[in-house]
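Number of protein chains: 4
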Amino acid sequence: MAIRTVVWGENVHEQKNRIVAGVYPKGMHQAIADALNQDPAIEATTATLQEPEHGLPAARLADTDVLLWWGHAAHKEVSDEVVERVAEAVWSGMGLLVLHSGHFAKIFKRLMGAPCNLTWREAGERERLWVTSRNHPIAAGLPDHFELEQEEMYGEPFGVPEPLETVFVSWFQGGEVFRSGLTYKRGAGNVFYFRPGHETYPTYHDANVQLVLKNAVKWAHNPAARVQGDVTRAPNVPVEQALESIEERGPKLHHAGEEGLR
Amino acid sequence: MAIRTVVWGENVHEQKNRIVAGVYPKGMHQAIADALNQDPAIEATTATLQEPEHGLPAARLADTDVLLWWGHAAHKEVSDEVVERVAEAVWSGMGLLVLHSGHFAKIFKRLMGAPCNLTWREAGERERLWVTSRNHPIAAGLPDHFELEQEEMYGEPFGVPEPLETVFVSWFQGGEVFRSGLTYKRGAGNVFYFRPGHETYPTYHDANVQLVLKNAVKWAHNPAARVQGDVTRAPNVPVEQALESIEERGPKLHHAGEEGLR
Amino acid sequence: MAIRTVVWGENVHEQKNRIVAGVYPKGMHQAIADALNQDPAIEATTATLQEPEHGLPAARLADTDVLLWWGHAAHKEVSDEVVERVAEAVWSGMGLLVLHSGHFAKIFKRLMGAPCNLTWREAGERERLWVTSRNHPIAAGLPDHFELEQEEMYGEPFGVPEPLETVFVSWFQGGEVFRSGLTYKRGAGNVFYFRPGHETYPTYHDANVQLVLKNAVKWAHNPAARVQGDVTRAPNVPVEQALESIEERGPKLHHAGEEGLR
Amino acid sequence: MAIRTVVWGENVHEQKNRIVAGVYPKGMHQAIADALNQDPAIEATTATLQEPEHGLPAARLADTDVLLWWGHAAHKEVSDEVVERVAEAVWSGMGLLVLHSGHFAKIFKRLMGAPCNLTWREAGERERLWVTSRNHPIAAGLPDHFELEQEEMYGEPFGVPEPLETVFVSWFQGGEVFRSGLTYKRGAGNVFYFRPGHETYPTYHDANVQLVLKNAVKWAHNPAARVQGDVTRAPNVPVEQALESIEERGPKLHHAGEEGLR
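Chains as they are written, first to last, in full-length UniProt numbering: chain A, 1 to 262; chain B, 1 to 262; chain C, 1 to 262; chain D, 1 to 262.
No lab work stands behind these hints: they were computed from the structure.
Don't take every hint at face value.
Copies of one chain are not kept apart here, so a pair can be met inside one copy or by any two copies together.
[Claimed, not checked] Derived pair list, reagent style DSS-like, types lysine-lysine, alpha-carbon separation capped at 25 Å: (1) 76 <-> 218; (2) 252 <-> 218; (3) 16 <-> 218; (4) 252 <-> 26; (5) 26 <-> 16; (6) 76 <-> 16; (7) 76 <-> 26; (8) 16 <-> 252; (9) 76 <-> 252.
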């Protein structure tokens, strides 16, 4: 069965800015979904900020294997309820790819527990991405480096936790570097941050970028069944159900059958 | 100069529960602070939920090198504003030790971006902590293992991100295991989670536990100066200040001197 | 195409010890290969110490996606040349699963750069493995814990580098714990250490253990093409081939076209 | 007590090459030791390849808290016995800093279990190091970035295991990037790799480089007592000494009191 993938797009600058609309006439989300759908192992649809529940009702998330997230101008308009719902979907096993300016998306900051800040410059300068984890599944089929002739610069220090693996590091013409591909796991869900993708450039039309996204969808897809029920619960294990026979001892705070404090 | 340390205690069960009050007549926070103050390299004071701003006004946090956090019954009563303030202090370089039931404290969940859940049983069973990172500074002076004759059980899976290092793993009499000592970094701040410390047992009077806490305060103390100003800002680097000479090219979204979107 | 898998067995105790021969009449390697071959996605064959080049000539390794390694009594009899060949195959992208007493195999110590030591006891005690990385692909389909009624005990501290992820932690009846499932990457190759498997017990006939091995073969399989040529080479990049135009400056040690020092 | 530090230098090019001798008239090792000794917390001496046992007899290593290693032309002349001795000192708790071309030193490859290869170019180009782990102790007191006007280029992919933390990433004028500061732990010993230091340039006279080295010595110093005895031993725990009472069951391979197989 193909990997059920949803590309979430903020869909703001595509509607307001003629340059962006020219580069991505069907919206960035649709351009990305089209690229993913070239791979028969992936079945990608889209969701946008403007739809009810931002296009991400609980039932849809339950049937989503991997979610991609692109946002920039309207991070604050994303409802906290949807953010929490997406976080719980990740914890229960859904994969998540966060793209470019999504570093400041509520969902990314929520999952990182860190500022996720950086330095930036919009000057159409050359970016060159280097693979730092040789033959990582996300880099499969890529050369050791590839270039984007025009991109926005993001510079270190990038305020994120140390990743499980650093897959790409970018070189910028103006003298900065940036850890451009970072893997994380949160609960049962795989998370990948990928840097490129400023909306005024044709980045998502680039073949290498498209290959990274296809690879990353496959990498983020967790083959284990999703965690069912409340993914945040902390169940009590009664003494009589202990795996090894023990006798209750000492003073107690909790009563039998009590829910834990939270 | 001694490491300026603040022990934050919820101070609820000490006031309400005779068993807890008996074990910790001056409160758990004071017992921990007293233990830390045995070490001349540490200068520990206390703060509690009941004080204005929970005893953690901005000025105090600015002068705190390491904060310890113990909470259980009143996680929800901690103000979100103070939680965010503590998170920003961590990101700017303050160390943080989270103790026992603090796994569900708002500040820990905030920094982990994960459910932080587990299984539990209050039966006064034996816990044995094993050192899994040999000679880690937090384990300095400890034997390969030590026991707490009565403790609450916490069992895996523990819903936290993979740590930088796993320092301790616990064995429980009833058949469970738990990763009991985990190190993280968030922004410029070091974070250590340490499992033992149920309030009805004399855990914080145990010499090995006290040694872990002293070691952990030293480990968490970041010798670099705190990040000044807004630790979450993402500054623009103007083209004319680029470290290498570049010329602006291509279409632009932002205007010169504009603040970034967030 | 199925994952081309080779199960390497030392094949010593199966020949010398009646208990082991009784539990694994066709050898441990064959028992493991038979279990793997139940999965249509895997195509497993075997190799043993006694074959020429230990059954691992270069041509066979080049066609192997994942290698499993079980050894105990004869680590020293494995030729250094074959060990280095296997190491280079891993660095170029072959997956490697190291089983039980293989913690002291030359190839594991070679890849870890660490003592890989532990404590042990052969008393047929109960082992309970707990999943510590929820829904990790290697734990797909497993319950949160499973038991082996009789196993050899391995205890911490386990002298290995901090893994990318800790997937399992074991509880032992005699009071020890052990990090039983650990993931690593070396060069382009994924490495997984899995603890159970003492030769006098029917561990590799256990359904949960077999499931872990099948999952781990899939996890270790690197979809990217193997690195071709010398995987240890450090190529010079001549000035005139630099990606950005630079001029040679300053004093030089090396002559044009010179090989690097190693 | 000051941190007892030994700077090991190959001391070959300083004797053979006039340029290197001009930049480091007392040898690179002495230049580095002099810089470290400016810090009252450090007490640095030197050792060289040409001394008996390369200046690193067992007794000296036992009294060394942190060892720095610079080699380039004569990696092959370092005796395997000394390499193994240094590895065991690291595993028992000695810190190790590996500098520049030491990426191909026997001791670094021994501890990494990986090829440790890279690309390179000697063109006196500009290197700019960016701090990627904000306020890491090794970066204490440094700005977010600093430059070396002339350095040898090292490019990714760097064939090393994923580090505990990436502290620095370098930008090179010719278009490459490199993870320039990487932390590891092997056994009880902290290991730091630091990229800059080509012998024809005055890198070790640079104030920022000197600050990194001083910080790194303090970071690598393990406050816990060194592991005594054979750091690779795997002791048997007899049934009668088990921490929890167990009875021996099932078939056995080993006899009571037997040494383990290795």
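Structure-based check of all given hints:
no. : hint        : result
1   : 76 <-> 218  : neither (30 Å within a copy, 39 Å between copies)
2   : 252 <-> 218 : neither (48 Å within a copy, 33 Å between copies)
3   : 16 <-> 218  : neither (33 Å within a copy, 46 Å between copies)
4   : 252 <-> 26  : between (62 Å within a copy, 20 Å between copies)
5   : 26 <-> 16   : within (13 Å within a copy, 62 Å between copies)
6   : 76 <-> 16   : within (17 Å within a copy, 42 Å between copies)
7   : 76 <-> 26   : within (24 Å within a copy, 45 Å between copies)
8   : 16 <-> 252  : between (62 Å within a copy, 14 Å between copies)
9   : 76 <-> 252  : between (45 Å within a copy, 22 Å between copies)
Figure legend: structure checked against the earlier numbered hints; hints not met, in rising order: 1, 2, 3.
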